[in-house]
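So the protein lines, in turn, are chains D and R.
So the first sequence is residues 1 to 427, counted in the numbering used here.
So the second sequence is residues 1 to 270, counted in the numbering used here.
Here chain R is said to cover these stretches of chain D; the calculated rule only asks that three of the stretch's residues, wherever they fall, bring their Cβ under 8 angstroms from a Cβ of chain R:
1. 172-183
2. 232-242
The list that follows gives simulated cross-link-like pairs (lysine-lysine, BS3-like), each with its CA atoms no further than 25 angstroms apart:
3. K405/D to K346/D
4. K123/R to K165/D
5. K71/R to K139/R
6. K122/R to K165/D
7. K165/D to K155/R
8. K123/R to K140/R
9. K155/R to K123/R
10. K140/R to K256/R
11. K335/D to K346/D
No wet-lab data here; the hints were simulated from the structure.
Computed from a predicted model, the values in this text were never measured in an experiment.
All C-beta atoms, glycine included, are put in the ideal place defined by N, C-alpha and C.
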Amino acid sequence: MPAMKRCLMTTIADQAAPPIAGAQGAVAAEAAARPAARATAISLPAVGERELRLDLFRGLALWLIFVDHLPTSVLTWFTLRNYGFSDATEIFIFISGYTAAFVYGRAMLESGFVVATARILRRAWQIYVAHVFLFTIFLAEISYVATRFENPLYSEEMGIMDFLKQPDVTIVQALLLRFRPVNMDVLPLYIVLMASLPLILLLMRWKPDVTLGLSALLYAVTWEYDLYFSAYPNGVWAFNPLAWQLLFVFGAWCALGGARRMSRILSSPITLWICIAYLFAAFCVTLTWYFPQLGHVVPRRIEQWMYPIDKTDLDVLRFAHFLALAAVTVRFLPKDWPGLQSRWLKPMILCGQHSLEIFCLGVFLAFAGHFILAEVSGGAALHALISVSGVLIMCGMAWVISWYKRVADKSAARKAGGGNADMAGGG
Amino acid sequence: MKSGIVLGLVWLVAVSAAVSARADDASQAAPQGTSQGTAQDASQDAHKVCDVPSSLLTTDSQLTKVADAVKAGRPLDILVVGSRSSTIPGSEASAYPARLQAMLREALAPVTVNISLEIQPKKTAEEIAGNLVKLVEAKKPTLVIWQTGTVDALKSIDPDEFRNAIDEGVVALQNAGTDVILMNPQYSPRTEMMTSVPPYADTMRMVAQQHDIPLFDRFAIMHQWNDQGDFDLFSASPGNELAKRVHDCLGQALSKFVIDAAHLGQAQQN
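Bound-form chain R, shown alone:
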């Protein structure tokens, strides 16, 4: 008898999920419908599409050095260290680092914002961690955004080793006197059955928590977009257009995240 009720509940949930999924479809269709409208409409819709729950864009950890630099009016130099998922092949200018630079420049004007990009394809966190200090000495950034984890997940590196590597890298960066943001792997539904990414994404969350540094949860954010129907990340061959739109949204989310973590929200209004 009781189990009958449970079964009924399961069905209820399934049905309501179906209904909400249809609602998602409808909202997804809307921006496409208006895309022939004015450019302004389109950009507003784009903002809606990029929506990320605020819990994913706020952090208790602070970027004190970024805050100091901006308040003192010094130029803000950001170094993005990443693997191939920090670029779009053939469209560098549309990848998230470039988008982040554009958005931060707009938001923090008149402060100068410079982003340099260091792509190290096919290298594990451990291989990069040892190299970070050299990179920082060469470029003297205020903030390092370290995107990593994908290669480790692909090579199924031992989780403990991965954790130690991230740990080591973060400590090295902090000792070198920069602020640090960690960025975890992309959410990739089509390769989900071949690569187990979540443990690596989680490990990065933990290390960030331990060192009290912000983690930009790219995995959770993209997962959210896919679930909401903002982007069809399952799509087999969508061409460059999807990648550009996703990176634009990532840049937007990341700029909000940086501004929040450095508590620059009020400064911007003044």
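Isolated chain D, as found in the complex:
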């Protein structure tokens, strides 16, 4: 990323004196420019100051991840992965990196490295507990399925239940994050990324661009030497943290001033056209996956160079696709877009604001959805109904959580007169 010479943003360390302005990204810096906001920014930022676009797209990512976790149905056709290389996971990890750096970067300036680290690790612990909770539900569900499933057609596929014969090993491996059933890959990745956040922030405080460079270097080394996290009983982590950290660190870098420094590149029409051309090309390639008769559209040589598009190690094509998508989105959806205040988008934004809870709920609902589909053969109608009601439940839950937090905050403010910085984004 060519560093812009006229870098308005000095490094965070220089900004230690006025604690608010330094750590906040392009977004908050703009907000802080307004005197009124500056006065209140030390305590809890008001809801209006949040970067609603982040919440919106994280909410969208959560919905898409939920729909993708269900067996394919009509709604699956609305998910991103059918129209290009990248999918909702990229959005989720990038925005998580962005908000985590945003929240904890400020905490690091306000309360120092040790306290911020403690808070980050507490957050990582919460995610870990959530993961173990989901695993318990999963275990209960598949044990139930296993004891009732007797289909000669699938006698081979039933081999997956073998691990139930050794519950001791399986459970310990799950606690070590090495045994991860399908659909439970994102949280372990998130835990590892959060646990390394103190180091990332420390480096960012020193030199953001060098940190991003190191992250890219680690990514390259991972590809070159084929580094991975091993899983149990064999295989590797479905999302390799050593590769996916690039997206997380990039999100953090954008939050800590990178986004603003890139604004000139982002607003250039050349960038826009390159992005649109790439997105279109990716769309065409994706079409050939679903309509094999179009296969000859893609020249064989390009095909051989391109495939496989590796999700485990965050293929460069996927990363580029995400960047192009983000660039186009930022361009056409300004931060003060009135639609962000619209009633219709509110549910999505609320979901994005409580990502951990809603993510876990989504995984749970996907399990439940599988279960219902298995027990009641209702066909496509039931399937669509489950997807839609799942999303509605997620929205309802997000609404309840916000309501509760609002009430709890009010009473806490009355008692202590202080805010809880955790509210600022939830990481």
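Assemble chain R onto chain D, guided by the hints.
Chain R alone, transformed into the frame defined by chain D:
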């Protein structure tokens, strides 16, 4: 305002899906209703139930050795190398390899068609790939149908390793002078939340494309059947009957696929 329209569209799609699902149910009910009719009716209905979109049964890759053998009137020896999903426990004769043999014999008569079956349960693609040449030397088939991927998906073998194994196996078979068809795993909705099969099915598609060999997309075909309501693959304990019907349809689809890939369609009419 715009988002309201989008929401409306989503509902429209959901409703139309519901309607089409009901239509599916109706068409599924029909064959059951007529199953008490004559045997011929039943078999015609069976053909309808086995319907597969032609894009899944046609391929640009060719089976030249099969074509040569059939045109020269030589016997056609086919070797199916597979795991347990190539059999039905206790009903070998109803599994797809046996059905394929029966259907090819009928379609290609007077050519002799012999299918031999090599089941290697619980072995990964890598373990089988090293063994393929020996199998081919022993049986000298014209065509090898290599069904694999399920065990690898169950053991979540590293996708790169899986890819290399398939690659190696295909090259070995081609060097040994046989035609090759790859067959990917079954679609199994009930275990979908425990095993991630699609990446393995996709990898096999890619390797097939690379080597210009036909891939029998069992995963997509069974998925289609389940979606259309031809078979309720979700069913927890349907007994042997479902497995037999599915394998019969697989045999039928596979025989069409072989005939198409070897361009024997016209020869058959002559």
